[in-house]
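**Q** Protein chains in written order, with this note's numbering: chain Z, 1 to 663; chain W, 1001 to 1663.
Keep in mind that the hints were calculated from the coordinates and are not lab data. Glycine residues also receive a C-beta, built at the ideal position from the N, C-alpha and C atoms. Incorrect hints may have been included.
[Said to hold, decoys possible] If you anchor each label on the Cβ, the simulated ranges turn out as follows:
| # | chain 1 | residue 1 | chain 2 | residue 2 | range |
| --- | --- | --- | --- | --- | --- |
| 1 | W | Lys1075 | Z | Lys75 | 26 to 32 angstroms |
| 2 | Z | Pro417 | W | Glu1179 | 51 to 57 angstroms |
| 3 | W | Thr1466 | Z | Ala491 | 44 to 50 angstroms |
| 4 | W | Glu1581 | Z | Glu619 | 30 to 36 angstroms |
| 5 | W | His1060 | Z | Lys528 | 42 to 48 angstroms |
[Claimed, not checked] As a list, the in silico SDA-like pairs of lysine to any residue whose alpha-carbon atoms are at most 20 angstroms apart:
| # | chain 1 | residue 1 | chain 2 | residue 2 |
| --- | --- | --- | --- | --- |
| 6 | Z | Lys355 | W | Val1131 |
| 7 | W | Lys1368 | Z | Gln22 |
| 8 | Z | Lys341 | W | Leu1114 |
| 9 | Z | Lys304 | Z | Asp418 |
| 10 | Z | Lys356 | W | His1129 |
What follows is the residue order along each chain.
Number of protein chains: 2
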Amino acid sequence: MLTLVALQHLYNQTNHSNMRRQERVIIESVYPQLNCGEFFIKRVVNESVTVYADILPDGHDVIQAELLIQHESKKKPKDIRMQHQGNDVYFETFKVTQQGFYTYQLRAWVDYALNWQHGIEAKIKDGQHVVSELLDGVQYLNHIRKKGNKGEKEYIKTLIGYFENETEYQNAIQEAVSEKLHELFIKYPERILANTTKEFKVYVDRKKANFSTWYEFFPRSSALEPGKHGTFKDCERLLPKIAKMGFDTLYFPPIHPIGEKNRKGKNNTVDAQEGDSGVPWAIGSKHGGHKSIHSELGTEADFKALVGKAADLGMEVAMDIAFQAAPDHPYLSSNPEWFRKRPDGTIQYAENPPKKYQDIVNFYFENKAYKALWEELLSVVMHWADLGIKMFRVDNPHTKPYYFWNWLIHEVKKKHPDTLFLAEAFSRPKVMQQLAKQGFSQSYTYFTWRVSKGELIEYLTELTQTDMKEYYRPNFWPNTPDINPYHLQGANEAMHLIRYALAATLSGNLGIYGPVFEYMVTEPFPNKEEYLDCEKYEIRHWDWSHENKITHLISKINGIRKENAALQQTNNLRFCHIENENLMAFYKWDDDRANQLLMVISLDSHNSQQGMVQLPMAELGISPGDGLHLRDLITQNDYQWYDEWNFIELSPALPFHIFQLNQ
Amino acid sequence: MLTLVALQHLYNQTNHSNMRRQERVIIESVYPQLNCGEFFIKRVVNESVTVYADILPDGHDVIQAELLIQHESKKKPKDIRMQHQGNDVYFETFKVTQQGFYTYQLRAWVDYALNWQHGIEAKIKDGQHVVSELLDGVQYLNHIRKKGNKGEKEYIKTLIGYFENETEYQNAIQEAVSEKLHELFIKYPERILANTTKEFKVYVDRKKANFSTWYEFFPRSSALEPGKHGTFKDCERLLPKIAKMGFDTLYFPPIHPIGEKNRKGKNNTVDAQEGDSGVPWAIGSKHGGHKSIHSELGTEADFKALVGKAADLGMEVAMDIAFQAAPDHPYLSSNPEWFRKRPDGTIQYAENPPKKYQDIVNFYFENKAYKALWEELLSVVMHWADLGIKMFRVDNPHTKPYYFWNWLIHEVKKKHPDTLFLAEAFSRPKVMQQLAKQGFSQSYTYFTWRVSKGELIEYLTELTQTDMKEYYRPNFWPNTPDINPYHLQGANEAMHLIRYALAATLSGNLGIYGPVFEYMVTEPFPNKEEYLDCEKYEIRHWDWSHENKITHLISKINGIRKENAALQQTNNLRFCHIENENLMAFYKWDDDRANQLLMVISLDSHNSQQGMVQLPMAELGISPGDGLHLRDLITQNDYQWYDEWNFIELSPALPFHIFQLNQ
């Protein structure tokens, strides 16, 4: 709850008219801020925030500005003095080292002590006699005398002696302009009539929010023998292989009892045949709902065992949150008020007229009992979070109210701050942005459909160079069970490698839906961007032991991601000129530029491509003629470049370079 | 004072976390808004405001959005439905017809009735049987039955009969999707779970805030005979000539008693000689202060008479507000607490170390008794406002606190809403912008120093295409008593015409310091951008009856400004391509495009210049081959153009065209 002081502050911020405020320094255009501070910006542990603001006094007096930084666990803020960049812009950077909320607030004041020193210095240089000015300065010395340590007090006492005694004039004017006194004024400011902004917030996640590598598969397709329903035990068998490919997140579609009423059949047919296994997202049956486990997969104990074994191999399990019910979900009888009735008293199935989805019933968020519904849905997430699950992929969040997600995510993270939520919304830009602002930790993106160089550069520029970089953490998926994009349908090995390399080097977070991706199972449902015989509707059988060039290169790339901090984030990205529309080049770096990479990726899966790439010399801090050492991290080949423009050739056999740069 | 409701609203706006809000529609990125609504935007009477916002629901339901517009004199807001532009952007325009504050607020909701109609329409087209859907719709009909007029109630009653009776199915499905029903749903919305933004403000001034033509002169230089101190009576003699030149605002430097202590001499020398008349901005002596009149100019009655005679000729008198005191101003003895003392008890003169301004004492706004000081300074403006003065040019407002101006301007306008304040700050960009945001009606600009085509286009683009257009009303001055810009020093007639034509056609507000401008008195103080023998420090004598080409063309241009609404505002401006760096072309129009002008101005005061100018065909709504009639409003020559690119030649004899365009 906001305090009265905070309300008063809001009042001050929003209604200056007709008030008599004596402050002289204006602070405005604080950056970063989202929707006037309504939303927090996001960081992960050990990232930094650089705050900018326009800060200006009336007249020409010397001002000081500072940032007040406070982690929610602390009782008091830390203050850091800001630097003047020019044109009345002040800035300063702080590092966030703890998870949770930080606030940043700006404060600025006319610094009369510094102003006095600035003035007397100009007069002394001008040869003026400054006896009166020295006496004037004694008030500022007295302030330090009250605040300083013993040595400082002694020094100030001496100065006051000089200032008040004309025989000490030479000493006085020397000390009046001394750097030592200047530093004491900086150290012990008198913040007279200081102006203070509202508090802005940063939410700090664990590092995985920025850097995660997801592998999605259907556990029911994990059986060793064809025709069998895979189990969590079967999944345990696959863990070493997936770990070897370098994935750190195993994401399972829903593992709950599947509705039996109006169940769908293979290839999304309306009526299931005997033996059809149904759609995992049609959750709930007489066997249980969102807190239960589909019995053919195993027990909750089996699931916990799987989660533990995955953890031993460095992998987390991500669950799917799909807030919707099959018509036979227990909620329909226990809490019919959470669903919309038709005039005839029957339940309203999901629909997008004229389409009907009779295997799904949506929650009715406008119902009067919505608070109980919200609490129940929260308890679903809490059930799995309490069990140790820290990552959730949320299905279709854009069809539930934004404020609901804001509340739910906030509540979960209060108890389980490590929890991360990936928003599965492939919707309009502002809808996807809004979900991220309201609190989702990661978001699916349009990368799945961005194919040409122009499209990729435009989209990445939006993600990394606009306000989106403050709150939208992209997760790049070349494919998903819902999307078999046209460019992958019938695509060759090179195209799969290109899409994986792009996702893995452009974005800190990525994922694939396997094993169809690495096994190149690309046959589409006719005329759709969907898979034929998709696992959403049936169990498939795979030879999971099979390895191929794609699995090897995925292992290689994911290994490189683990060793190179530049790839463990998304925003430090600059595209480099390369004079070929089929070649993309970009430079990435970690925050302290200890790790710098240059990627060159061909977009042509059929032909070799050549081009001259321009090094970002200024950013690299080198000049033409300086040697730059490049190691291709895939082939371990070494190169030495001396020029700004350098020749590159890539063939479909290995359509990308990941160069590590060293001066 | 903000109400508790408003505070609660602020709370809602700033802290969504952890709240359970059931609203489903998000409204954000409201434009225009300044500093998150802290400041009002500005308009003049009969201008319009187009509001844009991102408005989006979760899911795919039909939403409605509206603007709530309320003038401060009204008890209730008017609501106007907004239009969808695409990409979740909604917009609508409203016209402001009264002076004073308007508020605009946005409200949006999921419209369940329209959503129902949208759904049933899709199902009917799909051939589905919609009996249940018709019954579902009765609830929405019942809402209209409560709200509608008699005829509407009848219609709805019939519909309910159809909807509930299967034998009327054909009639039911026909009426369910009817335009008539659609319009009733629009007319009588049920705003369920509507979301509402905070209130944003527009302040509406009288038209003169946008369109004014200032003539500044020193009344003490108005005497008929050399060596005499001019009087208000002398000024009366000049009125017809100035009116004939087309000016509507006479601006006088301060007319108050001039300090006698530490008075400055001619050309800013430190010590005045016997007979030196002093600087009008060094206000106050034993003869009075800011509410008194310098006796050599006349009496207050004379001043009132002059103001009245000017009004008869369509001219207002603008006074100078210079909040500073000469050392012998009565305030220094009546209210010494308003000034800063030195340690020796003497008064602190103005200084900008190492420079000292011993003829000026600044007010000490940090003093504890600041409220009384503010009240006194307000009473100064009120004194003259009560006497009928409605325009004030404020001297150096950037050396007094911003919040002081905010308060003072607001207080004056509460009583005298016609009052306009011009901020004389030639300072850093953000300082000048801040003063405008805090409430100044007009502002001086950098136009005085923008000479090249590139500079002018860049600066005008900033003024008219950024947020500045919402709050910063430029007033373009080719010269002032403080600034004799280098390009006018020794400049010829053509250069004077160019600078006047640029100011008068680019900006709705402009002014010159005369008669030095039109008489081309350009001799500088050596090596400075100042005038030699400047009237700030001495009385000059002019042959006011002299007319020349410049006075004639000023009359002509000002006459054109009065007849062409396109020139009575600043923001409707598009630069046109013209392939010559010495030629500028731009298109201006009034809000309903009834008046459209094309200006072509040469920047070369010595040579003829030729070039091809490109017409803004799309904005003019014409195609190549369509005839466009142009009348040069200076020469009355007529042209007929058929092409997009057209030849222009301008010579120093008449270095500009002002074309009126007619299809």
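**Q** It remains to establish, for every hint, whether it holds in the given structure.
**A** Comparing the hints with the structure gives:
1. W:Lys1075 with Z:Lys75: 26 to 32 angstroms: Taking Cβ atoms as reference, W:Lys1075 and Z:Lys75 lie about 48 angstroms apart, which means the hint is violated.
2. Z:Pro417 with W:Glu1179: 51 to 57 angstroms: Hint holds: Cβ distance 54 angstroms, inside 51 to 57 angstroms.
3. W:Thr1466 with Z:Ala491: 44 to 50 angstroms: The hinted range 44 to 50 angstroms holds for W:Thr1466 and Z:Ala491, with Cβ atoms some 46 angstroms apart.
4. W:Glu1581 with Z:Glu619: 30 to 36 angstroms: The hinted range 30 to 36 angstroms holds for W:Glu1581 and Z:Glu619, with Cβ atoms some 34 angstroms apart.
5. W:His1060 with Z:Lys528: 42 to 48 angstroms: At roughly 20 angstroms between Cβ atoms, Z:Lys528 and W:His1060 fall outside 42 to 48 angstroms, so the hint is violated.
6. Z:Lys355 with W:Val1131: holds (17 angstroms)
7. W:Lys1368 with Z:Gln22: holds (10 angstroms)
8. Z:Lys341 with W:Leu1114: holds (19 angstroms)
9. Z:Lys304 with Z:Asp418: The given pair, whose Cα atoms are some 18 angstroms apart, holds under the 20 angstroms limit.
10. Z:Lys356 with W:His1129: Holds, because 13 angstroms separates the two Cα atoms, which is no more than 20 angstroms.
Going down the numbered hints, you'll see the structure goes against 1 and 5, while the others check out.
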